[in-house]
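Q: Spelled out from the first residue to the last, the chains are:
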Amino acid sequence: MIPIVRPTARVEIETHVFPDASCLLFDPLTQDGHVLDSFGALVWDYCDGQLTIEEIATEVGALVPQYTDAKEQVRAIIEEYSQRGLLILAGTSPQASETASDKDGFGDR
Amino acid sequence: MTLSDHSKLSTVALRADKTRASTLDMTIAGVRVRIGGLDEAPRVRVHDLLLPFVSDYALGTPQVRIRVAPHQQVRGWRVTCSGHEVMSTPDADHLLTYLDWFAVAQALEASTRVAVFHGAALVRDGAAVLLLAASGAGKTTLTLGLMERGWEPLADDIVLVDRETLAISPFPRCFHVDDTTQALLADPARLEWPAQLTGYARPRCWAEGACPAQTIVVIERCTTCPSMRWPILQAQAAGALITASIRNALPKSEVVDIAARLAANATTCIRLRNGQLDGALNLIESAAAQ
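Top to bottom, those sequences are chains A and B. Counted from 1, the first sequence has number 444 at position 109 by the working numbering; the numbering is strictly sequential. Counted from 1, the second sequence has number 932 at position 29 by the working numbering; the numbering is strictly sequential.
No wet-lab data here; the hints were simulated from the structure. Do not rely on the hints blindly, as some may be mistaken.
[What the hints assert, rightly or not] Ranges of calculated distance between the beta carbons of each label pair, as one might list FRET restraints:
1. A1037(B) - D372(A): 22 to 30 angstroms
2. L398(A) - H1079(B): 45 to 53 angstroms
3. M1131(B) - S373(A): 19 to 27 angstroms
4. D372(A) - D1090(B): 42 to 50 angstroms
5. A1037(B) - S373(A): 27 to 35 angstroms
6. E390(A) - A1030(B): 41 to 49 angstroms
7. A1037(B) - E347(A): 27 to 35 angstroms
8. E1188(B) - S373(A): 23 to 31 angstroms
9. E347(A) - R1150(B): 17 to 25 angstroms
10. D404(A) - C1128(B): 52 to 60 angstroms
11. R1107(B) - D372(A): 40 to 48 angstroms
Backbone N, C-alpha and C fix where the C-beta goes; we use that ideal spot for every residue, glycine too.
All chains should be modelled from the sequences, with the hints used to inform the complete structure.
A: Below, the structure is given as structure tokens:
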């Protein structure tokens, strides 16, 4: 795993936020879409290059104290976004990764 | 004007009349389509089959030109488009079904006013429900079942969504109705069977005007399960719309945006396991009533 210091969303990713707090990400380079539930959308919102993974986990954890494993979930989600090529990796240019996507191009989170 | 000029005009007019007699002009999704070269018998049937789209733009230029010509080798017909042969067949029914599909496909590919989705849509009391499903999941059967409960059809198989208003326009194309589905119909008179073409039926009444979808139903078929429904995220509904989208002249990003806006505006988004028909219809109606 390539270490991600401050998770940063790739600028090409189109983000569509819905009234029910879910979110659809569309990658125009790969033509893939990614469905995020409200928790995933919240974490995505933090992926702006400002905070470290631990800082994001702490902040999100504080927002949702009812989820006792929120910090672990945040780390896992950010790793998943990285695997899906949605984040700029540390030390690389902002290109889509070659991570395989779901069969129909839509992976749910 | 001299006698010679009159004679030339008459010749041109006669040729034009003969040409027009073998020509069928249509407007499909705002795109002008012309099928030329049809003999009388197939022309009558194609006209019947695509009647809701037939229009007269004698002075206009078609955007899609399809030509039918005799094919000696197969003892039937050859179909060309933009000078390229696309199919040939000795079978008149095959020619009809192909022209029905090809004319629509070419028009939709050229359209820029609408996004196109594989699905069905119906309206009742001003509220539209959009059914998304892969082929064979039971979309047409559900559509016919809802029609028998007072819903008016907007479209079956191909749904056109206006890129600006998100309204779903009526698209009165024939349904593909197999024997099993036909046997379920309580009121066969609700459908007409144009062109004496087996399996092609068209509702006699369609919804008038267009309206946006308030309920989105993503359908999966299960012949061994009871019908069930469960809520899905609007993002999941948007994802299903994008998966169901049919490529046309609109860029993919714009189709994604349209799908997202459609899902965002829907008040109810569900996934439906389509098992027993009445159960599935009840579940769709209860979702639409929310």
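Q: Confirm or reject each hint.
A: Structure-based check of all given hints:
{"no.": "1", "hint": "A1037(B) - D372(A): 22 to 30 angstroms", "verdict": "holds (24 angstroms)"}
{"no.": "2", "hint": "L398(A) - H1079(B): 45 to 53 angstroms", "verdict": "holds (51 angstroms)"}
{"no.": "3", "hint": "M1131(B) - S373(A): 19 to 27 angstroms", "verdict": "holds (24 angstroms)"}
{"no.": "4", "hint": "D372(A) - D1090(B): 42 to 50 angstroms", "verdict": "holds (43 angstroms)"}
{"no.": "5", "hint": "A1037(B) - S373(A): 27 to 35 angstroms", "verdict": "holds (28 angstroms)"}
{"no.": "6", "hint": "E390(A) - A1030(B): 41 to 49 angstroms", "verdict": "holds (46 angstroms)"}
{"no.": "7", "hint": "A1037(B) - E347(A): 27 to 35 angstroms", "verdict": "holds (29 angstroms)"}
{"no.": "8", "hint": "E1188(B) - S373(A): 23 to 31 angstroms", "verdict": "holds (28 angstroms)"}
{"no.": "9", "hint": "E347(A) - R1150(B): 17 to 25 angstroms", "verdict": "holds (21 angstroms)"}
{"no.": "10", "hint": "D404(A) - C1128(B): 52 to 60 angstroms", "verdict": "violated (33 angstroms)"}
{"no.": "11", "hint": "R1107(B) - D372(A): 40 to 48 angstroms", "verdict": "holds (44 angstroms)"}
Of the hints listed earlier, the one the structure fails to meet is number 10.
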